[in-house]
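Since the structure of chain C is provided, determine the placement of chain Y on it from the hints.
Line by line, the protein sequences are chains C and Y.
Each residue of the first sequence is one higher than the one before, counting from 3 in this note's numbering.
Each residue of the second sequence is one higher than the one before, counting from 12 in this note's numbering.
These are computed hints drawn from the structure, not numbers from a lab.
Among the hints, erroneous ones may be present.
What the hints assert, rightly or not - Which chain Y residues stay away from chain C? Per the calculated CB distances, all over 10 Å, these:
#  : residue
1  : L30
2  : A40
3  : T66
4  : I71
5  : Q82
6  : P90
7  : H93
8  : A98
9  : F101
10 : T116
11 : A124
Stated by the list, open to error - Under the rule of at most 20 Å between Cα atoms (straight-line distance), these lysine to any residue pairs were calculated in the SDA-like manner:
#  : chain 1 : residue 1 : chain 2 : residue 2
12 : C       : K73       : C       : R15
13 : Y       : K111      : C       : G60
14 : Y       : K79       : C       : V54
15 : Y       : K60       : C       : K59
16 : C       : K59       : Y       : A12
17 : Y       : K121      : Y       : D96
18 : Y       : K111      : C       : K11
19 : C       : K73       : Y       : K111
20 : C       : K11       : Y       : G52
21 : Y       : K72       : C       : Y106
22 : Y       : K111      : C       : E103
23 : Y       : K111      : C       : K85
24 : Y       : K60       : Y       : S84
25 : Y       : K111      : C       : L116
26 : Y       : K60       : C       : G5
27 : Y       : K121      : C       : Y106
28 : C       : K11       : Y       : Q53
29 : Y       : K111      : C       : F90
30 : Y       : K111      : C       : H31
31 : Y       : K111      : C       : R15
32 : Y       : K111      : C       : G44
33 : Y       : K111      : C       : I53
34 : Y       : K111      : C       : S69
35 : Y       : K111      : Y       : G39
36 : C       : K85       : C       : T7
37 : C       : K11       : Y       : S50
38 : Y       : K121      : C       : Q43
39 : Y       : K60       : C       : T104
40 : Y       : K60       : C       : Y106
All residues carry an ideal CB built from backbone N, CA and C; glycine is no exception.
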Amino acid sequence: DGGITQSPKYLFRKEGQNVTLSCEQNLNHDAMYWYRQDPGQGLRLIYYSQIVNDFQKGDIAEGYSVSREKKESFPLTVTSAQKNPTAFYLCASSTPGTEKETQYFGPGTRLLVL
Amino acid sequence: AQSVTQPDIHITVSEGASLELRCNYSYGATPYLFWYVQSPGQGLQLLLKYFSGDTLVQGIKGFEAEFKRSQSSFNLRKPSVHWSDAAEYFCAVDGAGTYKYIFGTGTRLKVLA
Chain C
3 DGGITQSPKY
13 LFRKEGQNVT
23 LSCEQNLNHD
33 AMYWYRQDPG
43 QGLRLIYYSQ
53 IVNDFQKGDI
63 AEGYSVSREK
73 KESFPLTVTS
83 AQKNPTAFYL
93 CASSTPGTEK
103 ETQYFGPGTR
113 LLVL
Chain Y
12 AQSVTQPDIH
22 ITVSEGASLE
32 LRCNYSYGAT
42 PYLFWYVQSP
52 GQGLQLLLKY
62 FSGDTLVQGI
72 KGFEAEFKRS
82 QSSFNLRKPS
92 VHWSDAAEYF
102 CAVDGAGTYK
112 YIFGTGTRLK
122 VLA
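The shape of chain C in the complex, shown without the other chains:
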């Protein structure tokens, strides 16, 4: 079955530690996205990538980094510079252009700070 997988489901970060969240899709989508979800705030865009080896900052990119070396993969690193990383992180993908411009979401990773 085609879909988006995110791992791990839960992730614990210690102070000063960088952690990486995995996102993989087998939908052959060109674009991938990372969102952060906090209670009462909806979803906010962290980074997005339209094609391999290219990505752009979203609305809340500070303290995060990404790479897009393969079409299928878009890992997100939460760096020690992100002072409030506790949140639910959602990855999505799409193929932009008319009716195909629909984002499909993975199951999410919950990041907690120890």
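Okay, now just chain Y, sitting in the frame of chain C:
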């Protein structure tokens, strides 16, 4: 700037009752509009979408939504709610070609047996 407003943070309905969740958007042209549903601890599932054409769109799980340009609204409806519909619902707008969705803050639906 684009924005999406979901005025109701929480809604409670009895099972079998009808449901309408409100969504208002701000955008200069006709946007692409979406409704997603999220169960606790899960990702978002697409319920329906509007790009163009017929302003009444049908989605999965018996949901429908109507695009009203004059009111800048895209309200979600269901004629008879089931207990399994209890979840959080998000409206989103995409300025065509921007690759960026703007999400509302969500409406949490509680269903009474």
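Comparing the hints with the structure gives:
The Cβ of L30 of chain Y sits about 20 Å from the closest Cβ of chain C, beyond the 10 Å cut-off, so the non-interface label holds. Taking the minimum C-beta to C-beta distance to chain C, about 14 Å, the non-interface status of A40 of chain Y holds against the 10 Å cut. Taking the minimum C-beta to C-beta distance to chain C, about 16 Å, the non-interface status of T66 of chain Y holds against the 10 Å cut. Listed as a non-interface residue, I71 of chain Y keeps its Cβ farther than 10 Å from every Cβ of chain C; the least gap is roughly 13 Å.
Residue placement check: Q82 of chain Y keeps its beta carbon more than 10 Å from all beta carbons of chain C (closest about 21 Å). Consistency note on P90 of chain Y: stated as away from chain C, and its beta-carbon is indeed over 10 Å from all of that chain's, at 25 Å minimum. Every CB of chain C lies more than 10 Å from the CB of H93 of chain Y, the least distance being 22 Å, so the non-interface label holds. Every C-beta of chain C lies more than 10 Å from that of A98 of chain Y, the closest at about 14 Å, which supports listing it as non-interface.
The Cβ of F101 of chain Y does not lie farther than 10 Å from every Cβ of chain C; its closest approach is about 7 Å, which violates its non-interface assignment. The claim that T116 of chain Y is not at the interface with chain C is violated, since a C-beta of that chain comes within 10 Å of its own (minimum 4 Å). The Cβ of A124 of chain Y sits about 26 Å from the closest Cβ of chain C, beyond the 10 Å cut-off, so the non-interface label holds. Restraint check for K73 of chain C and R15 of chain C: not satisfied, since their Cα atoms lie roughly 27 Å apart, outside the 20 Å limit.
With a C-alpha separation of about 8 Å, the suggested pair K111 of chain Y and G60 of chain C falls inside the 20 Å cut-off, and the hint holds. Proposed proximity of K79 of chain Y and V54 of chain C is contradicted: the alpha carbons are some 38 Å apart, above 20 Å. Taken as a hint, the K60 of chain Y and K59 of chain C pair is broken in the structure, with Cα atoms around 26 Å apart against an allowance of 20 Å. This hinted pair checks out: K59 of chain C and A12 of chain Y have alpha carbons roughly 17 Å apart, not beyond 20 Å.
A C-alpha spacing of about 8 Å is found between K121 of chain Y and D96 of chain Y, which places the hinted pair at or below 20 Å, so the restraint holds. Only pairs whose Cα atoms come within 20 Å are accepted, and K111 of chain Y paired with K11 of chain C is rejected, the gap being roughly 25 Å. For the hint pairing K73 of chain C with K111 of chain Y, the CA-to-CA distance comes to about 19 Å; that is within 20 Å, so the pair holds. Simply put, K11 of chain C and G52 of chain Y have alpha-carbon atoms about 9 Å apart, close enough for the 20 Å limit, and the pair holds.
Between K72 of chain Y and Y106 of chain C the CA atoms are separated by roughly 17 Å; this keeps the pair inside 20 Å, and the hint holds. With a CA separation close to 10 Å, the supplied pair K111 of chain Y and E103 of chain C stays within the 20 Å bound. Taking the CA atoms of K111 of chain Y and K85 of chain C, the gap is near 25 Å; set against the 20 Å cutoff, the hint is violated. Proposed proximity of K60 of chain Y and S84 of chain Y is supported: the alpha carbons are some 13 Å apart, at most 20 Å.
For the hint pairing K111 of chain Y with L116 of chain C, the CA-to-CA distance comes to about 32 Å; that exceeds 20 Å, so the pair is violated. With a C-alpha separation of about 19 Å, the suggested pairing of K60 of chain Y with G5 of chain C holds against the 20 Å cut-off. A distance of roughly 25 Å separates the Cα atoms of K121 of chain Y and Y106 of chain C; the hinted pair therefore is violated under the 20 Å criterion. For a cut-off of 20 Å, the pair hint linking K11 of chain C to Q53 of chain Y stands: about 10 Å separates their Cα positions.
A hinted pair counts as satisfied when its Cα atoms are at most 20 Å apart, and K111 of chain Y with F90 of chain C qualifies at roughly 19 Å. Of the supplied pair hints, the one linking K111 of chain Y and H31 of chain C holds, its CA atoms being roughly 15 Å apart against a limit of 20 Å. Only pairs whose Cα atoms come within 20 Å are accepted, and K111 of chain Y paired with R15 of chain C is rejected, the gap being roughly 29 Å. Annotation: proposed proximity of K111 of chain Y to G44 of chain C holds, straight-line Cα distance about 14 Å (limit 20 Å).
Distance hint between K111 of chain Y and I53 of chain C is fulfilled; the C-alpha atoms sit about 15 Å from each other, no more than 20 Å. The suggested pairing of K111 of chain Y with S69 of chain C holds, with an alpha-carbon distance near 18 Å, which does not exceed 20 Å. Distance check on the hinted pair: K111 of chain Y and G39 of chain Y sit about 15 Å apart at the alpha-carbon level, within 20 Å; holds. For the given pair, K85 of chain C sits about 26 Å from T7 of chain C by alpha-carbon distance, which is inconsistent with the 20 Å threshold.
Only pairs whose Cα atoms come within 20 Å are accepted, and K11 of chain C paired with S50 of chain Y is accepted, the gap being roughly 15 Å. For a cut-off of 20 Å, the pair hint linking K121 of chain Y to Q43 of chain C stands: about 19 Å separates their Cα positions. Between K60 of chain Y and T104 of chain C the CA atoms are separated by roughly 8 Å; this keeps the pair inside 20 Å, and the hint holds. Distance check on the hinted pair: K60 of chain Y and Y106 of chain C sit about 12 Å apart at the alpha-carbon level, within 20 Å; holds.
The structure fails hints 9, 10, 12, 14, 15, 18, 23, 25, 27, 31, 36 (numbered hints given earlier, in ascending order).
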